[in-house]
Amino acid sequence: MNKTNILLDAGILIAFLIAMEPRFSGISIHEWLSVALAATIVIHLLLHWKWIIEIGAHFFQKLWHASRLKFVVDSLLFIDFVAVMMSGILISRVVLPTLGLSITGTDREWRMLHSLSADAALLLVGLHFALNWDWVVCMVKRMVITPIVGLIQPKPAMQLVPIRNDENICKIGE
Amino acid sequence: MFKIFLRTLIILLTAGLVAGGIYMFTQYGGMNLIGAAQDDGFSQQRGLHAQPADGEASQRQHLKRGREGQMGLSFLGLSGVVVQAGKIAVITALVMLVKRVVSMFGHRRKPANTVLT
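For the protein sequence lines, the chains are X and W, in the order given.
Quick note on our numbering: the first sequence kicks off at 100 and runs consecutively.
Quick note on our numbering: the second sequence kicks off at 19 and runs consecutively.
Incorrect hints may appear among the rest.
What the hints assert, rightly or not - Here are the simulated DSSO-like pairs of lysine-lysine, each with C-alpha atoms no more than 27 Å apart in a straight line: (1) X:K169 / X:K102; (2) X:K102 / X:K240; (3) W:K105 / X:K240; (4) X:K149 / W:K21; (5) W:K117 / X:K240.
It should be emphasised that the hints constitute simulated quantities derived from the structure, not laboratory data.
Note that this is a predicted model, so its numbers are computed, not measured.
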């Protein structure tokens, strides 16, 4: 589960960075990648459904501050992503014509909203990433560093070590 | 399976409600409050060409130019991606710094409490 999460999150981050720079990708990749990103974010939310419900249900009760802050940042990020996607669809030049749809009379306001919400998204993604930094570090250690170190260092012939399960678990949403 | 379908529906409905709220906000002049009407720098800022307002023909021409001219990956824009990643890295570093400072103050307070108890 953790492996799926980290791979999906890494994909979302890379796609987000590319989508944030239309000069790099070109307008059609920018638009289609953003549509794919929206679908992936729904999967991301489904994977974290339990955490969302648990924190949401106890938001106004006694709750550890970091979880509450994460919930606020994540809620703002959701609203902001909706704003980016919605304004992006309304000013779309590739996706809507490809689907045979056209919206006439879209104006400067939607462009401005798209720009502002994209800038806010960068800030909120940074905060979201920073608030989950411990989990990211733990997962990178487990999935990347430990296997590499294991390849370099020779394995001891036989060693009996008591297993502590809590060391091997990267807890998410703490 | 039904549970996943239901959850997806809830997420999409919530997104729809938020989108409705944003639409209302924009339609009732909410963007004017934050100075959207004066903005002309969006296209330059995002590296896009502004949508022409003079009819369908120019729009089609514009679309064609967009597809032909901006279809492939531009390595000049790669620096922009690196800058965006750098911004996220800076935000992460700042938050980690704040977290460390907060935890430092937290650790300083604890011994005082234990002395009192």
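Here is what the structure says about each hint:
1. For the given pair, K169 of chain X sits about 21 Å from K102 of chain X by alpha-carbon distance, which is consistent with the 27 Å threshold.
2. Between the alpha carbons of K102 of chain X and K240 of chain X the distance comes to roughly 12 Å, so the proposed pair stays at or under 27 Å and holds.
3. Our distance criterion of 27 Å between C-alpha atoms is met by K105 of chain W and K240 of chain X, whose separation comes to about 24 Å.
4. Between K149 of chain X and K21 of chain W the CA atoms are separated by roughly 12 Å; this keeps the pair inside 27 Å, and the hint holds.
5. Between the alpha carbons of K117 of chain W and K240 of chain X the distance comes to roughly 21 Å, so the proposed pair stays at or under 27 Å and holds.
In summary, this structure violates none of the numbered hints.
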